[in-house]
Each structure stands twice: as C-alpha cells, then as structure tokens.
Amino acid sequence: MRLLITSSRMPFALDMVRKLGEHGHEVYACDSYRAAPGSHSKFLAGHFTTASATDDPQSFVGDVESFCSENEIELIVPMFEEIFYLAGQHERLSKVTRLYAPPFQTLARVHDKGTFQQLCDQLGIRTPQTAVAGSQEELLEAIGRFPKYFGRAAFSRGGAGLMTNTGPPAGQLKPEDVHPTEANPWLVQEHVDGPMHCTYSCIHDGEVATHMSYRAPRRWEDSTGIQFLSVDPTDTLPTVEKLARELSWDGQMSLDFVDSERGLMMIECNPRPTDGVLLMSAEELERGLLAPTIETLQIEAGRSEQLDFAVLGQMFRQPLKQMPGSVRDLATVKGTNSGWHDALPQPYSFLAFAHHERMSIEERKGLFEAMSDGITWDGQDIPRLPPDDAAFLAKLTGE
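As numbered in the numbering used here, residues 896 to 1294 make up the sequence shown, in order.
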C-alpha cells in the first residue's frame, strides 16, 4: 500500500515509517520541519516539506492534497494535531485518497477537555472531580474547591501549560497568569495521586483492532516520556471500546489515565498516535492500521523501549547521583534505533532535539510544546471549514 505519514518529526512517526516500510509498503513522509528525523529514513520511498499546519492551514492541506494526487497515495496516517486541519477537509481529500481519521466534529469533541469531560460523564467513565472556568473569577473559585489541583486549557496537550500546586511542576504557571474566557476555558481538577497509565489503539468503524497500555518510567523534566514500558492492557480496553462505539471512531486513539487508589481515572484523550507505537512489532502495527481482524489484538506487558538520544541528553542535566541509573538504562533498555541499520535519522534526531531544546529555553516553554511547534490546534478558526463543521466549532468555542 502507498502511505503518507505526516508530522514525521515525532519519534513514533519514524518508528512507523520503519515498520511499515520493512513490511513492503511504499511509505512517504512529510513535515513542515525540514530536519524531521522521520523524513530521512532509508525505509521511505520519498518525503517532502509542507507549509505549517498551524500557521498556514490552507497551504498545508493543499501541499498534502497535491502530493497524494501526484503519487497515488492510498492512505494518510496523521501523527499529531495536523489531523484537525486534514479532517476539516475530509470530503476534499477523499477525492484523491483516504484519511485515517474520524470526522472533524468528533475529533474536536474529544480534544476539547470540557466536552470530553461531558462525554465521560455521559458514558460513566470515571474522572477526577472537575470544574470548568470561563473567567479569572471562576478559575480562582475552582482552585478553592481542591486542596491539591491541576488545571489546563480546554485545548492543550500532554504536560504543556500545566497549572498545579502539587509535584515538580508546582508553581511553574501561576493562577494570576492564566486568563480563561468562554471561548478558551480552563479545566481545574482535583489532583489524583498515582502513576500515569497511557494507551494506544487502532480502531476501524467503532471496533478496536489493536490495543496496548504503557507507562513512562523516565520523563524529560517530569513531562514528556522518553522511556516506555508496556503494561497489562485488559483494564483499559473496555473504556476504549465504549468510546469507540459511542463515537463510531475510525482512526487512532490514545488515552491518558492516572492509576489511583480508587482505580483508573481518565485524564484526557489524544485523537492520534502516541509513543505506544514504539512498543508494537511491525506485524502488530500493520494489522492494527491496515489489516484489522474481528478479534482485538492486545499487546503483552513487559516490553520496553527508550529514546536513547533523549536519555543521553538528560544525563547532562541531572544530578551526578542519578547518572549511574542513566548509564545502566542506556546499557540495558532497548533503544528505538536498535537493529534497524538506518543511520541517517540518528543525527537528525540529535539535531531536532537540540533545536527544540533551544527553542524551549528561548521561548520559555516545555520541550514537548517546542517539539510540536507548527502542528498544533488550540480551537482557533480554521479557514474554509465546511459550514456544518464551522458552526460546530463556533458553538464549541462560544463564538
């Protein structure tokens, strides 16, 4: 099959390129960042650079559409939030290829943390106690409800822009620096103690084809995962199935939970792939994306992978007493580049890591936020949305 993988800067995008390319598929990649590691793999049939999805969505979609038409691409597999801009042109793109993604309205409904919270309440999915703030006054009132809290913008991702009074990120973002509006509200939730528990699933027509759960034993600055361990997927599968069937989901879905004393607590839905891809074999990934079967394939616990370049970079930032543990991990935990004999993406990975780390320092934002520059969507208007999608977005943001 001829495939296009977008946002090839992501480590799991490079991994997908390699695994599908190894299995004989004709894989292409694109990104607005020219040095994206996934655009320089030997497993690619070709790559190209697009306009920024965030800054110039019309040109971005046009770049993708033209390439798919000229190269007879059969399937687009989005890797990050460029999915929103592509899904906003589902009908247009369907004339030249297939986009593996749900409709725009479905994506927006789960990306907005307020409407996703409502969906969880409707389906009986357990979440932390939550308050939605559409003003500074409501924000302070919500904070006062919880002795320990964390808050995020309704449109946000990962640990970026987290306001909390608990743990290492406490105080990094102060309530007086947050200004919610009705169009851009914030969610404030009780802080729930426990490790993060993440999932990645491939879903077709509301049925889960493959499903896996994982944790991140090592994180960059207590935020972005750089080491991953698969765990028992059976306790999270029913939640994924419930969401998939309710939404008639067709695409990739990733969920974040906290594994608390009260059980799993849903935190957020990422309507795209995440680092769980790294823990799947080529055969499992191919089956989930391209050859689903009636029975759900669940990925076993106990697999581990790490981003060696990030672990190495972390060694130069951590206290000396932690260095032996990092050296041990580099020696014993499988790196994502191991065994591929695909050398060129490695220097590009270091280059991209250094570029985004420098950006994070200069612009005073987290590494993950810097990595996703130009491929995010925070609820803003998207030019030339179909009228029904534009009306849905206006209602969602109160504009």
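These are calculated hints, taken from the structure and not from any lab test. Hints are not guaranteed to be accurate.
Okay, derived cross-link-like pairs now, SDA-like style, lysine to any residue, Cα gap no bigger than 20 Å in a straight line [as the list claims (entries may be wrong)]:
1) K990 to P1023
2) K990 to L1246
3) K1069 to T1022
4) K1229 to G1158
5) K1043 to G957
6) K1043 to V1153
7) K937 to V1153
8) K1290 to D1268
9) K937 to F1245
10) K1260 to K990
11) K937 to G957
12) K1069 to A1026
13) K937 to L1280
14) K1043 to Q1193
15) K937 to H918
16) K1290 to G957
17) K990 to A1238
18) K1137 to P1282
19) K1069 to K1137
20) K1137 to Q1193
Tested hints:
1. K990 to P1023: Given that 20 Å is the threshold and the Cα spacing comes to 43 Å, the pair is violated.
2. K990 to L1246: Measuring from Cα to Cα gives roughly 37 Å; hence the hint is violated.
3. K1069 to T1022: 24 Å, violated
4. K1229 to G1158: 30 Å, violated
5. K1043 to G957: 46 Å, violated
6. K1043 to V1153: 15 Å, holds
7. K937 to V1153: Answer violated: K937 to V1153 is near 38 Å, above 20 Å.
8. K1290 to D1268: 27 Å, violated
9. K937 to F1245: Holds - the C-alpha atoms of F1245 and K937 are around 17 Å apart, at most 20 Å.
10. K1260 to K990: At roughly 39 Å apart (the allowed maximum being 20 Å), K990 and K1260 break the hint.
11. K937 to G957: 26 Å, violated
12. K1069 to A1026: 17 Å, holds
13. K937 to L1280: 36 Å, violated
14. K1043 to Q1193: Given pair K1043, Q1193 is violated - Cα atoms ~35 Å apart, limit 20 Å.
15. K937 to H918: 13 Å, holds
16. K1290 to G957: With Cα atoms ~27 Å apart, K1290 and G957 exceed 20 Å; violated.
17. K990 to A1238: Not satisfied, since the Cα-Cα distance of roughly 37 Å exceeds 20 Å.
18. K1137 to P1282: With a Cα-Cα distance of about 29 Å, the restraint between K1137 and P1282 is violated, given a limit of 20 Å.
19. K1069 to K1137: 36 Å, violated
20. K1137 to Q1193: Cα-Cα ~16 Å, so holds.
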